[in-house]
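Using the hints provided, position chain B relative to the given structure of chain A.
First to last, the sequence lines map onto chains A and B.
Quick note: the first sequence uses the numbering used here, first residue 358, plus one each step.
Quick note: the second sequence uses the numbering used here, first residue 550, plus one each step.
Distance windows between CB atoms, simulated:
| id | chain 1 | residue 1 | chain 2 | residue 2 | range |
| --- | --- | --- | --- | --- | --- |
| 1 | B | R721 | A | D386 | 40 to 48 Å |
| 2 | A | G448 | B | G803 | 30 to 38 Å |
| 3 | B | S611 | A | H464 | 35 to 43 Å |
| 4 | A | P367 | B | R635 | 48 to 56 Å |
| 5 | B | S561 | A | P369 | 41 to 49 Å |
| 6 | A | D386 | B | D770 | 14 to 22 Å |
| 7 | B | A832 | A | G599 | 25 to 33 Å |
| 8 | B | D580 | A | G568 | 16 to 24 Å |
| 9 | B | D627 | A | S467 | 53 to 61 Å |
Everything labelled a hint here was simulated from the structure, so no lab data went into it.
All C-beta atoms, glycine included, are put in the ideal place defined by N, C-alpha and C.
For reference, the chains in residue letters:
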Amino acid sequence: MIDVNTLIGPYPFRHVPHPDPEVLVRVLDREGLDGAWVGHLPSAFHRDPSLGNRELYGALGRFVDRLRPVPTIRADWPRWESAVHDAREAGAPAIRAYPPQWQLGPHDSSMRDLAIAAAEQGMALLLTVRFEDLRQRHWMDSAGDLSAAAIRALARAGEGVRLIVTAAGRDMIEEVHWGLTPSEQRRVLWDISWIWGPPEDHLAKLFRAIGPDRFVFGTQWPLRLTQNPRANLDLLPDDLRGVALADPTASLVR
Amino acid sequence: MIDPGDDATTQSEPLIDAHAHFYHAATGRADWTDVNAARFRAGERIGITYHVASVLGSYGFSSPTYFPSPADVTVGNDAMLDICAREPDRVRMFVTVNPNYTDHALREIARCVSRGAIGIKLLASRRADDPLLDPIAEAAAQGSVPILHHIWQHRRREWPSQEISDGADLARLAARHPHVAFILAHIGGGGDYMHTFPAIVDCPNVYPDLSGSGVDRGMLDAALDALGASRLLWGCDLTMETGLAKLRALEVIGLSADDLSAIRWRNAARIFPNGSFPRCVAATDSRTAHEIASNQQPATSNRR
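Chain A extracted, bound-state conformation:
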């Protein structure tokens, strides 16, 4: 199983212990995970993510069998097209983008262009709804959550577009899913890192209503405990235990 939602590097708003690829590999071993898709956490907050991408490619070089880079690409930054090409050359299965942090609205045309360009290179576009709970955010962290409208707009951008949306909760997932046509719904995968388990059983309700094949395994390491999504799966009702999640590689990358 692949963890699609991991990051390396420090977080600007609080101390995060050991956000290093060496530690991530040990965590994967401990948790029985085959590999991880890895982003560069500081790049979400940099104006120009290109140096962070270079750092990401370098840091993961020793772990190519387990860790695949997911670089950050700003669609409103000059020469973003070559960054998409570089990502593909580096073996990236996806690219990351952070519209709220870059103040790009839900219908920003550059984000649409980025999603299509990634799709043309056989890569998914990985989006992050939030890094932290709203109630604990630093006063300088004013970006806000990614909106459901932004996800819907990108899902409608084109036939080939593939989105992986991380850190969403049940309400957002349902709002987006039922606001798309069936063919548009198939362009979106959701990671389970922030979905509530029992007693509210949001994950079980989503599996029953939408299907487990729309969901992938993600932890948001190093910000959150790696044990959480596995615990959520282990606490599913009996009729859902052992269900198969989507394989992000098979489902998304051509």
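Showing chain B alone in chain A's frame:
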């Protein structure tokens, strides 16, 4: 394919969820029985020996969750008493009160403690250091029961729907009532827990519970470093998967067996009235039984 584990954790020791909730018919939720059943289902999977639970009035149906009317408080407590009566082997009760209605609150505490409640639940109806909470704390002392107080970790402004308190607010109340144990609710329940630990470090009668949907890496380590294992209680609140994740995380961060045992249940057994958890004591050795009977601190490490 996910391989479901046969065992939720590697531990076979008792486990007390010090922060749980149940629902009832007057909460306006059509699925309230399903939610209660899901808590028991997950509890069995995790290995929870006792759920120490409260009902928060009508949960907003006929009065606000954090400002419940006296009538809703009574209906909720009645529902909680009924659940305890039906599940005597695995459920214990906090009596919920609204301190703005002092006479009603004191009557509810007397009524429910006499029927088996082992703690008092305070929401966010009045700030924790307000003098109106003093008679509640005195009632807790008289009944030898702890108070579980809803907390926002670092209150930086007013938030809607709550008169929120933080660790510093609770510390002031705890200092005025040094013989009452205060459970500081859900360090993972929102706000900045890194503010909470130094705010309460010098208040030995404040015990944070680990519950809440927040599973930040570093949170458990920081709590242990600041307070030590003897001050922490395990709990779930509204998200039991985060409770299980924290249990599993505690198992891999190098705690001693005694520290883990303290957090799982022995601290709770010490704070709540003697005899509250007979299935826990029956499952353990005579040393633990002696510790609990004599209200001694368990043999945790001095890691702070």
